[in-house]
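Novice: Sequence:
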Amino acid sequence: MGIRSTFHYSMLAFAFLLPLSGCSIGETRFSYRITTEIYVNGHKFSGSAVRQVSLREMSGPMATAPYRARMHGEAVVIDMGRLGKAFTLLYRAEPDEGLTYGDGCTGDAVTNYIIARMKRNAGCSNAAEHIEHFKNSKIALEFYGETTPTTVKFTNLDHPESIDYLNKTFKIRYFISTSEADVTRRIFSDIPWLHRLFKKRLDGGVLVPAGSNPLSSIIGGEEFSTEPPSNQQP
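The opening position of the sequence shown corresponds to residue 2 in the working numbering, with each subsequent residue numbered one higher.
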(Lines of atoms letter the chains of each structure in order from A; the text may use other names.)
(Lines give C-alpha, C1' and ligand atoms only; values in the text may rest on other atoms or scores of the structure.)
Protein backbone atom coordinates (compact mmCIF):
# COMPACT_ATOMS: atom_id res chain seq x y z
CA MET A 2 0.00 0.00 0.00
CA GLY A 3 1.44 3.34 -1.07
CA ILE A 4 1.86 6.47 1.01
CA ARG A 5 -1.11 8.16 -0.70
CA SER A 6 -3.41 5.18 0.01
CA THR A 7 -2.29 5.03 3.65
CA PHE A 8 -3.00 8.74 4.02
CA HIS A 9 -6.41 8.32 2.33
CA TYR A 10 -7.50 5.54 4.70
CA SER A 11 -6.15 7.42 7.71
CA MET A 12 -8.26 10.46 6.81
CA LEU A 13 -11.34 8.27 6.33
CA ALA A 14 -10.80 6.73 9.75
CA PHE A 15 -10.37 10.17 11.29
CA ALA A 16 -13.55 11.43 9.61
CA PHE A 17 -15.45 8.39 10.91
CA LEU A 18 -14.24 8.76 14.50
CA LEU A 19 -14.57 12.53 14.74
CA PRO A 20 -18.36 12.60 15.20
CA LEU A 21 -18.06 9.95 17.92
CA SER A 22 -15.67 11.96 20.05
CA GLY A 23 -16.44 14.90 22.30
CA CYS A 24 -15.69 17.91 20.10
CA SER A 25 -15.84 21.56 21.12
CA ILE A 26 -17.70 24.17 19.07
CA GLY A 27 -16.75 27.79 19.62
CA GLU A 28 -15.77 29.47 22.86
CA THR A 29 -17.26 32.10 25.16
CA ARG A 30 -15.01 33.82 27.67
CA PHE A 31 -16.10 35.81 30.66
CA SER A 32 -14.74 37.02 33.98
CA TYR A 33 -16.56 37.21 37.28
CA ARG A 34 -15.79 38.51 40.73
CA ILE A 35 -16.67 36.24 43.63
CA THR A 36 -17.06 38.04 46.95
CA THR A 37 -17.14 36.40 50.37
CA GLU A 38 -18.73 38.16 53.34
CA ILE A 39 -18.13 36.81 56.86
CA TYR A 40 -20.17 38.16 59.77
CA VAL A 41 -18.62 38.01 63.25
CA ASN A 42 -20.38 39.57 66.25
CA GLY A 43 -22.02 42.25 64.13
CA HIS A 44 -18.88 43.00 62.09
CA LYS A 45 -18.55 42.17 58.39
CA PHE A 46 -15.27 41.08 56.84
CA SER A 47 -15.12 40.68 53.07
CA GLY A 48 -12.73 39.75 50.30
CA SER A 49 -13.03 39.04 46.59
CA ALA A 50 -11.19 37.50 43.66
CA VAL A 51 -11.62 37.81 39.90
CA ARG A 52 -11.62 34.60 37.87
CA GLN A 53 -11.87 33.92 34.14
CA VAL A 54 -13.87 31.12 32.52
CA SER A 55 -13.61 29.69 29.01
CA LEU A 56 -16.89 28.01 28.05
CA ARG A 57 -17.03 25.64 25.07
CA GLU A 58 -20.03 23.85 23.64
CA MET A 59 -19.42 20.11 23.31
CA SER A 60 -20.85 17.69 20.75
CA GLY A 61 -20.70 14.00 19.95
CA PRO A 62 -21.75 10.93 21.96
CA MET A 63 -18.48 10.94 23.91
CA ALA A 64 -19.14 14.42 25.35
CA THR A 65 -19.77 14.07 29.09
CA ALA A 66 -21.64 17.40 29.35
CA PRO A 67 -23.27 19.84 26.88
CA TYR A 68 -20.64 22.43 27.75
CA ARG A 69 -17.18 22.43 29.27
CA ALA A 70 -16.02 25.31 31.44
CA ARG A 71 -12.36 25.84 32.26
CA MET A 72 -11.80 28.26 35.10
CA HIS A 73 -8.61 30.23 35.81
CA GLY A 74 -8.16 31.92 39.16
CA GLU A 75 -7.55 31.46 42.84
CA ALA A 76 -9.14 31.37 46.27
CA VAL A 77 -10.69 34.43 47.87
CA VAL A 78 -8.62 35.92 50.69
CA ILE A 79 -10.59 37.51 53.54
CA ASP A 80 -8.56 39.52 56.05
CA MET A 81 -10.36 39.23 59.41
CA GLY A 82 -7.99 41.46 61.34
CA ARG A 83 -6.83 39.97 64.64
CA LEU A 84 -8.73 36.78 63.75
CA GLY A 85 -6.34 36.17 60.86
CA LYS A 86 -7.10 35.34 57.25
CA ALA A 87 -9.81 33.09 55.86
CA PHE A 88 -9.85 31.56 52.37
CA THR A 89 -12.77 30.63 50.15
CA LEU A 90 -11.57 27.66 48.11
CA LEU A 91 -12.07 27.21 44.38
CA TYR A 92 -14.23 24.19 45.07
CA ARG A 93 -16.45 22.65 47.72
CA ALA A 94 -15.06 20.34 50.42
CA GLU A 95 -17.66 19.81 53.12
CA PRO A 96 -17.76 17.25 55.96
CA ASP A 97 -18.74 13.78 54.71
CA GLU A 98 -18.74 14.99 51.08
CA GLY A 99 -15.05 14.71 50.28
CA LEU A 100 -13.93 17.04 47.50
CA THR A 101 -16.78 17.79 45.12
CA TYR A 102 -16.79 19.50 41.74
CA GLY A 103 -19.72 21.03 39.88
CA ASP A 104 -20.86 18.52 37.28
CA GLY A 105 -24.08 19.77 35.70
CA CYS A 106 -24.08 21.58 32.37
CA THR A 107 -20.46 22.73 32.35
CA GLY A 108 -18.45 20.96 35.05
CA ASP A 109 -17.97 24.25 36.95
CA ALA A 110 -20.22 25.05 39.90
CA VAL A 111 -20.17 28.85 39.53
CA THR A 112 -20.82 28.75 35.77
CA ASN A 113 -23.67 26.27 36.33
CA TYR A 114 -25.18 28.57 38.93
CA ILE A 115 -24.97 31.67 36.73
CA ILE A 116 -26.65 29.85 33.83
CA ALA A 117 -29.43 28.51 36.08
CA ARG A 118 -30.11 31.95 37.58
CA MET A 119 -30.13 33.66 34.19
CA LYS A 120 -32.39 30.98 32.70
CA ARG A 121 -34.46 30.67 35.89
CA ASN A 122 -34.44 26.93 35.45
CA ALA A 123 -31.93 24.07 35.53
CA GLY A 124 -31.81 23.32 31.80
CA CYS A 125 -28.59 23.41 29.75
CA SER A 126 -29.85 24.83 26.45
CA ASN A 127 -28.41 28.10 25.13
CA ALA A 128 -25.94 28.33 28.01
CA ALA A 129 -23.55 30.65 26.14
CA GLU A 130 -26.43 33.02 25.40
CA HIS A 131 -27.28 33.26 29.09
CA ILE A 132 -23.64 33.87 29.99
CA GLU A 133 -23.70 36.81 27.57
CA HIS A 134 -26.83 38.04 29.34
CA PHE A 135 -24.97 37.84 32.66
CA LYS A 136 -22.00 39.75 31.21
CA ASN A 137 -24.24 42.57 30.06
CA SER A 138 -26.51 42.68 33.11
CA LYS A 139 -24.03 44.18 35.61
CA ILE A 140 -25.96 42.53 38.43
CA ALA A 141 -24.67 40.75 41.53
CA LEU A 142 -26.06 37.28 42.23
CA GLU A 143 -26.06 35.86 45.73
CA PHE A 144 -24.52 32.39 45.46
CA TYR A 145 -26.23 29.88 47.74
CA GLY A 146 -27.24 26.23 47.74
CA GLU A 147 -25.53 22.85 47.68
CA THR A 148 -22.65 23.81 45.37
CA THR A 149 -21.25 26.85 47.18
CA PRO A 150 -17.50 26.72 47.83
CA THR A 151 -15.95 26.04 51.22
CA THR A 152 -14.33 28.72 53.36
CA VAL A 153 -11.46 27.64 55.60
CA LYS A 154 -9.04 29.08 58.11
CA PHE A 155 -5.73 27.92 59.56
CA THR A 156 -5.14 27.70 63.27
CA ASN A 157 -1.56 28.58 62.42
CA LEU A 158 -0.97 29.81 58.87
CA ASP A 159 2.63 28.55 59.06
CA HIS A 160 1.30 24.98 59.34
CA PRO A 161 -0.85 23.77 56.41
CA GLU A 162 -2.09 20.77 58.36
CA SER A 163 -3.87 23.14 60.80
CA ILE A 164 -6.58 23.90 58.20
CA ASP A 165 -10.14 23.88 59.54
CA TYR A 166 -13.67 24.72 58.41
CA LEU A 167 -15.08 28.18 58.91
CA ASN A 168 -18.52 27.74 57.35
CA LYS A 169 -20.18 26.27 60.42
CA THR A 170 -18.72 28.88 62.78
CA PHE A 171 -19.86 32.19 61.31
CA LYS A 172 -22.51 33.38 58.91
CA ILE A 173 -21.06 33.49 55.39
CA ARG A 174 -22.53 34.88 52.19
CA TYR A 175 -21.19 34.63 48.64
CA PHE A 176 -21.88 36.95 45.71
CA ILE A 177 -21.01 36.71 42.00
CA SER A 178 -20.81 39.70 39.68
CA THR A 179 -19.40 40.26 36.21
CA SER A 180 -15.97 41.88 36.05
CA GLU A 181 -13.59 43.39 33.51
CA ALA A 182 -10.64 43.42 35.91
CA ASP A 183 -7.57 41.21 35.55
CA VAL A 184 -7.59 37.77 37.14
CA THR A 185 -6.51 38.04 40.78
CA ARG A 186 -2.94 36.91 41.50
CA ARG A 187 -1.99 37.17 45.18
CA ILE A 188 -2.52 33.80 46.85
CA PHE A 189 1.13 32.71 46.80
CA SER A 190 2.04 35.86 48.74
CA ASP A 191 -0.67 35.23 51.32
CA ILE A 192 0.26 31.57 51.81
CA PRO A 193 4.08 31.28 51.73
CA TRP A 194 4.20 27.45 51.74
CA LEU A 195 1.66 27.02 48.92
CA HIS A 196 4.31 26.84 46.20
CA ARG A 197 5.71 23.57 47.59
CA LEU A 198 2.28 21.96 48.07
CA PHE A 199 0.72 23.11 44.81
CA LYS A 200 0.29 19.57 43.46
CA LYS A 201 0.19 17.86 46.85
CA ARG A 202 -2.22 17.39 49.71
CA LEU A 203 -1.82 19.74 52.63
CA ASP A 204 -0.75 16.84 54.83
CA GLY A 205 2.17 16.28 52.47
CA GLY A 206 0.55 13.29 50.82
CA VAL A 207 1.11 10.89 53.73
CA LEU A 208 -1.51 8.65 55.31
CA VAL A 209 -3.70 10.45 57.81
CA PRO A 210 -2.97 9.34 61.40
CA ALA A 211 -5.87 8.74 63.73
CA GLY A 212 -7.24 11.93 65.25
CA SER A 213 -5.66 14.25 62.68
CA ASN A 214 -7.55 16.87 60.69
CA PRO A 215 -9.26 15.13 57.72
CA LEU A 216 -9.33 18.35 55.68
CA SER A 217 -5.57 18.25 55.19
CA SER A 218 -5.90 14.81 53.60
CA ILE A 219 -8.48 15.80 50.95
CA ILE A 220 -7.45 19.38 50.12
CA GLY A 221 -4.40 20.17 48.03
CA GLY A 222 -2.71 23.31 46.81
CA GLU A 223 -4.76 23.31 43.58
CA GLU A 224 -7.87 24.10 45.64
CA PHE A 225 -6.26 27.52 46.23
CA SER A 226 -5.09 28.25 42.67
CA THR A 227 -5.57 26.82 39.19
CA GLU A 228 -2.17 28.15 38.12
CA PRO A 229 1.29 27.13 39.42
CA PRO A 230 3.49 29.71 41.15
CA SER A 231 5.60 31.87 38.87
CA ASN A 232 9.38 31.59 38.79
CA GLN A 233 9.62 34.84 40.73
CA GLN A 234 7.81 33.44 43.78
CA PRO A 235 9.67 31.54 46.48
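Since the hints were made in silico from the structure, they are not lab data.
It cannot be assumed that every hint is accurate.
Cut-off 30 angstroms, straight-line C-alpha distance, at most; resulting in silico cross-link-like pairs (DSS-like, lysine-lysine) [stated by the list, open to error]:
hint	residue 1	residue 2
1	K201	K120
2	K169	K45
3	K120	K154
4	K154	K45
Novice: Run the distance test for K154 versus K45: straight-line Cα separation, threshold 30 angstroms.
Specialist: With a Cα-Cα distance of about 16 angstroms, the restraint between K154 and K45 holds, given a limit of 30 angstroms.
Novice: Does K120 sit within 30 angstroms of K201, going by the straight-line distance between their CA atoms?
Specialist: Roughly 38 angstroms separates the two Cα atoms, so the pair is violated.
Novice: Does the alpha-carbon distance linking K120 and K154 stay inside the 30 angstroms limit?
Specialist: Cα-Cα ~35 angstroms, so violated.
Novice: Can the restraint linking K169 and K45 be considered satisfied, given a maximum Cα separation of 30 angstroms?
Specialist: holds, 16 angstroms
The structure fails to meet hints 1, 3 from the earlier list, while all remaining hints are met.
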